[in-house]
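Quick note, the sequences are listed as chains A and B, same order.
Here this note's numbering is used: the first residue of the first sequence is 1, the next is one more, and so on.
Here this note's numbering is used: the first residue of the second sequence is 1, the next is one more, and so on.
Simulated from the structure, these hints should not be mistaken for lab results.
Keep in mind that a hint or two might mislead.
Once the Cα atoms are required to be at most 20 angstroms apart in a straight line, the calculated EDC-like pairs of lysine to aspartate or glutamate come out as [to be verified]:
#1 K237(A) / D156(B)
#2 K164(B) / D258(A)
#3 K167(B) / D156(B)
#4 K167(B) / E189(A)
#5 K164(B) / E60(A)
#6 K167(B) / D194(A)
#7 K164(B) / D238(A)
Across the chosen pairs, the derived CB separations fall in these ranges [to be verified]:
#8 G181(B) / T271(A): 31 to 39 angstroms
#9 L82(A) / G209(B): 31 to 39 angstroms
#10 G92(A) / R230(B): 27 to 35 angstroms
#11 G154(A) / Q180(B): 25 to 33 angstroms
#12 D65(A) / A101(B): 25 to 33 angstroms
#13 A59(A) / I79(B): 52 to 60 angstroms
Computed footprint of chain B on chain A, listed as stretches where at least three residues anywhere in the stretch have a Cβ under 8 angstroms from a Cβ of chain B [as the list claims (entries may be wrong)]:
#14 28-35
#15 113-120
#16 218-225
#17 230-244
Ideal placement from N, C-alpha and C gives every residue a C-beta, glycine not left out.
Take a look at the letters that make up each chain.
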Amino acid sequence: MTQTLATAPRALPTPAPRSSRRRRGRGALAARIVAAGVICGILLFPLYWMVVVAFSSRAELLGGDLRLWPRSWTMENFQRVLSSFPVITWFGNSIAISVVVALITVTVSLLAGYAFAHLRFRGSNVLFLVALSTLMIPVQVIMVALFQLVTTLGIYGSYWAVILPTAASAFGVFLARQFMLAIPRDLIEAARMDGAGHLRVFTRIVLPLSKPLIAVLFFMSLLQSWNDFAWPLIALKDNSLFTLPIGLLYLQGQFGSDYGATMAFALLNVTPMVILFLVFQRYFVQGFARSGIR
Amino acid sequence: MTLRVEERSAAPAGGEPARPRESGPRRSRRRRNLGETLAGLAFLSPNMLLLGLFVLVPLVGAVSISLQATNGFGSGRFIGWDNYVRLFSDGLFWRSTLNTALFTLIVTPVSMAMGLGIAALLNSVLPARGVFRSIVIVPMAISGVATALIGVLIFDQNSGILDKMLKFAGLPSIPWQSGQGAAFASVVIVTLWWRVGFNMLIYLAGLQGVNPGLHEAARLDGANGWQRFRYITVPMVGPSSFFLLIMNVIYSFQVFDIIFVMTGGGPQNATSVLVTYAYDTGFVTRDQGYAAAIGVVLLLLTLAFTAIQWRISRTRDQVE
Numbered sequence: 001m002t003q004t005l006a007t008a009p010r011a012l013p014t015p016a017p018r019s020s021r022r023r024r025g026r027g028a029l030a031a032r033i034v035a036a037g038v039i040c041g042i043l044l045f046p047l048y049w050m051v052v053v054a055f056s057s058r059a060e061l062l063g064g065d066l067r068l069w070p071r072s073w074t075m076e077n078f079q080r081v082l083s084s085f086p087v088i089t090w091f092g093n094s095i096a097i098s099v100v101v102a103l104i105t106v107t108v109s110l111l112a113g114y115a116f117a118h119l120r121f122r123g124s125n126v127l128f129l130v131a132l133s134t135l136m137i138p139v140q141v142i143m144v145a146l147f148q149l150v151t152t153l154g155i156y157g158s159y160w161a162v163i164l165p166t167a168a169s170a171f172g173v174f175l176a177r178q179f180m181l182a183i184p185r186d187l188i189e190a191a192r193m194d195g196a197g198h199l200r201v202f203t204r205i206v207l208p209l210s211k212p213l214i215a216v217l218f219f220m221s222l223l224q225s226w227n228d229f230a231w232p233l234i235a236l237k238d239n240s241l242f243t244l245p246i247g248l249l250y251l252q253g254q255f256g257s258d259y260g261a262t263m264a265f266a267l268l269n270v271t272p273m274v275i276l277f278l279v280f281q282r283y284f285v286q287g288f289a290r291s292g293i294r
Numbered sequence: 001m002t003l004r005v006e007e008r009s010a011a012p013a014g015g016e017p018a019r020p021r022e023s024g025p026r027r028s029r030r031r032r033n034l035g036e037t038l039a040g041l042a043f044l045s046p047n048m049l050l051l052g053l054f055v056l057v058p059l060v061g062a063v064s065i066s067l068q069a070t071n072g073f074g075s076g077r078f079i080g081w082d083n084y085v086r087l088f089s090d091g092l093f094w095r096s097t098l099n100t101a102l103f104t105l106i107v108t109p110v111s112m113a114m115g116l117g118i119a120a121l122l123n124s125v126l127p128a129r130g131v132f133r134s135i136v137i138v139p140m141a142i143s144g145v146a147t148a149l150i151g152v153l154i155f156d157q158n159s160g161i162l163d164k165m166l167k168f169a170g171l172p173s174i175p176w177q178s179g180q181g182a183a184f185a186s187v188v189i190v191t192l193w194w195r196v197g198f199n200m201l202i203y204l205a206g207l208q209g210v211n212p213g214l215h216e217a218a219r220l221d222g223a224n225g226w227q228r229f230r231y232i233t234v235p236m237v238g239p240s241s242f243f244l245l246i247m248n249v250i251y252s253f254q255v256f257d258i259i260f261v262m263t264g265g266g267p268q269n270a271t272s273v274l275v276t277y278a279y280d281t282g283f284v285t286r287d288q289g290y291a292a293a294i295g296v297v298l299l300l301l302t303l304a305f306t307a308i309q310w311r312i313s314r315t316r317d318q319v320e
C-alpha cells in the first residue's frame with residue numbers, strides 16, 4: 001500500500017568494461033528515447049487537437065487543407081458555448097455531485113474497511129464477498145429496476161438520484177480493508193484494553209493513520225463521479241441538473257458538427273480533472289493500480 | 001482476481017485473520033464476541049444499506065422485470081420465460097453479442113500487449129521517465145464522453161484530421177462513419193487510447209517487483225533483448241496479466257460511453273453491443289421487460305467468463 005508506483009530510482013549505469021558495449025548501450029538508449037517520444041506523441045495528439053480545435057475559428061475548421069497549427073487563436077467558441085448553455089450551472093452540479101459522492105464513499109468505505117479488517121464476527125467473509133461481487137454488475141443490468149426504485153423513493157429529478165446509487169463503492173471497501181490490515185492489530189488491541197470503544201479506536205487511532213488512504217479514496221471517487229455517464233444520463237431528466245458529461249452530450253446534440261463549440265466545452269469538462277490528476281498523481285495511480293474499476 | 005491481489009498484499013500486513021483470542025474467561029469472551037458482532041454490523045451498515053438498496057434490490061428487481069411483459073414504466077404482466085425465448089430469434093441481440101465478444105477479443109490482448117510494451121520501456125533506463133509516464137496515463141482522467149467526442153472529431157469522415165493526413169500522404173480515405181468495419185475499428189482505437197494507461201500502470205507495478213539481476217544474468221548468458229523480454233519479463237508479470245485479463249474482460253463487456261457517444265451502435269448496428277442494446281431497448285423503445293432480460297444475460301455471461309478464467313488460472317497455479 002505504501003509502495004508508490006512512481007518510477008523506481010533510476011539504476012546507475014554500470015561501468016561498461018569495453019567501449020563497444022558502451023556505444024551499443026548508447027544506441028539502445030537513443031532507440032528507447034525515440035520510441036517513447038513517438039508513443040507519447042501519438043497519445044498526446046488527440047488532446048492537442050482538442051485544444052487546437054477549441055481555439056480555432058469556424059472558418060478555419062471548414063478549410064479543407066491539412067493544418068496542424070491554427071493561423072490564429074480565438075475565444076469565440078467559448079463565448080458561443082457560455083452564452084447558449086447554462087455551463088456555470090452544469091459546472092456547479094458536477095462539483096456538488098462529485099464532491100458529495102466522494103465524501104460519502106470515503107466515509108462508508110472507511111467504516112466498512114475497519115469492520116472487515118479488524119472486527120471478527122460471523123458472516124464477515126460472506127458480506128465481504130457480496131460487496132466485492134457487485135463490481136461485476138454493470139449499471140445497464142439494473143438500470144430499469146433502479147430507475148423504478150429511484151422514482152418510488154421520490155428522489156428522481158434531484159441530485160440524490162445520482163448521488164445515492166453511485167456512492168457505495170465495492171472497490172472503496174476493498175481498498176480500505178487492504179490498507180487497514182496493515183495497521184498493527186496490537187495497536188488496536190492495546191487501545192481496547194485501555195477501555196476504548198470501537199468508535200473511539202476508529203476515530204483516534206485508525207483515522208489518523210489512514211490519511212493516504214483517505215486521499216486515494218477521495219480522488220478516485222471524485223474522478224469516477226466527475227466522469228460518470230451511463231447512470232446520470234438516465235437519472236437526470238432536467239436540463240438544470242445536468243452534470244458536465246451529460247451537458248456535453250446534450251450540447252453535441254444541439255450543435256451537431258460544430259466541433260469548435262463541442263471541443264471548447266469538452267476542454268472545460270476535462271481540464272479540472274486533468275490538473276488534479278497530474279498534481280495528485282500519486283494518489284490516483286495508487287487507486288488505479290489497486291482497482292481498475294470504473 | 002481481486003482476492004488474489006488481496007492475498008498478496010495481505011501477507012506483509014501481519015494480520016492473521018483466524019487467530020483466536022486467548023485472553024479472558026470463556027463467558028466474558030462470548031459477551032465480547034457479541035459486542036464485536038454488533039460493532040461490526042454497525043460499522044458495515046451504511047455501506048451495506050447503500051449497496052443493498054441500490055444494487056442488490058434492483059438486481060432482484062431486474063430478474064423479476066425480465067419475466068414480465070411491460071408497457072412503458074409501471075407494473076407489467078408476468079409472462080415467464082418469454083422474453084428469454086424471444087432473444088433466441090432476435091438478430092440484433094446476436095449481432096450485439098457477437099460485437100461484444102469481438103470487441104473483448106480484440107481490446108483485451110491488444111491493450112495488454114501495448115501496456116506491457118510501454119511499461120517495459122518506461123521501466124528501463126530512460127531520461128524524463130516521469131514525464132513519459134504522466135503522458136501515457138493522462139487519458140485515464142478524461143471522461144468517456146469527452147474521449148468519444150475527441151474520437152468523433154478525429155475520425156470525422158469529411159473534415160477529420162485523420163482523413164486529411166491520409167489524403168496528404170496520398171492514401172485513400174476510409175469511411176469511418178459509413179463503413180461497418182471501419183466504424184468498429186475506430187471505436188476500438190479510441191478505446192485503446194483510453195485504456196492503455198491503466199494496463200501500463202499495472203504492468204509497471206509488476207515489473208518493479210522483478211529482480212534486475214535476472215536480466216543481468218540472462219544477458220551474461222547471451223540472451224538478446226527479445227529473449228529476455230519473452231522468457232523473463234513475460235513470465236514474471238504473470239499475476240499482473242491475470243488481474244488485467246479479468247479487468248479488461250469485465251470492462252469490455254460493459255463498454256458503453258465510447259460506443260454510445262461515438263457511433264450510437266451504428267452504422268447498421270455494426271458497433272451495437274449488449275449494453276447499448278439494453279439501454280436502447282429500455283429507455284428508447286421502452287421495452288423494459290426485454291431490456292431487463294438482455295441485462296440478465298449480460299450478467300450471466302460476465303459471471304461465466306470470470307469463473308472460467310478463475311478456474312483456468314487456479315489449475316495453472318496448481319501445476320506450477
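Results of checking the hints against the structure:
no.: 1; hint: K237(A) / D156(B); in the structure: 30 angstroms, violated
no.: 2; hint: K164(B) / D258(A); in the structure: 18 angstroms, holds
no.: 3; hint: K167(B) / D156(B); in the structure: 13 angstroms, holds
no.: 4; hint: K167(B) / E189(A); in the structure: 71 angstroms, violated
no.: 5; hint: K164(B) / E60(A); in the structure: 14 angstroms, holds
no.: 6; hint: K167(B) / D194(A); in the structure: 77 angstroms, violated
no.: 7; hint: K164(B) / D238(A); in the structure: 39 angstroms, violated
no.: 8; hint: G181(B) / T271(A): 31 to 39 angstroms; in the structure: 35 angstroms, holds
no.: 9; hint: L82(A) / G209(B): 31 to 39 angstroms; in the structure: 49 angstroms, violated
no.: 10; hint: G92(A) / R230(B): 27 to 35 angstroms; in the structure: 53 angstroms, violated
no.: 11; hint: G154(A) / Q180(B): 25 to 33 angstroms; in the structure: 45 angstroms, violated
no.: 12; hint: D65(A) / A101(B): 25 to 33 angstroms; in the structure: 41 angstroms, violated
no.: 13; hint: A59(A) / I79(B): 52 to 60 angstroms; in the structure: 58 angstroms, holds
no.: 14; hint: 28-35; in the structure: holds (count 5)
no.: 15; hint: 113-120; in the structure: holds (count 7)
no.: 16; hint: 218-225; in the structure: violated (count 1)
no.: 17; hint: 230-244; in the structure: holds (count 3)
This entry does not satisfy hints 1, 4, 6, 7, 9, 10, 11, 12 and 16, going by the numbered hints stated previously.
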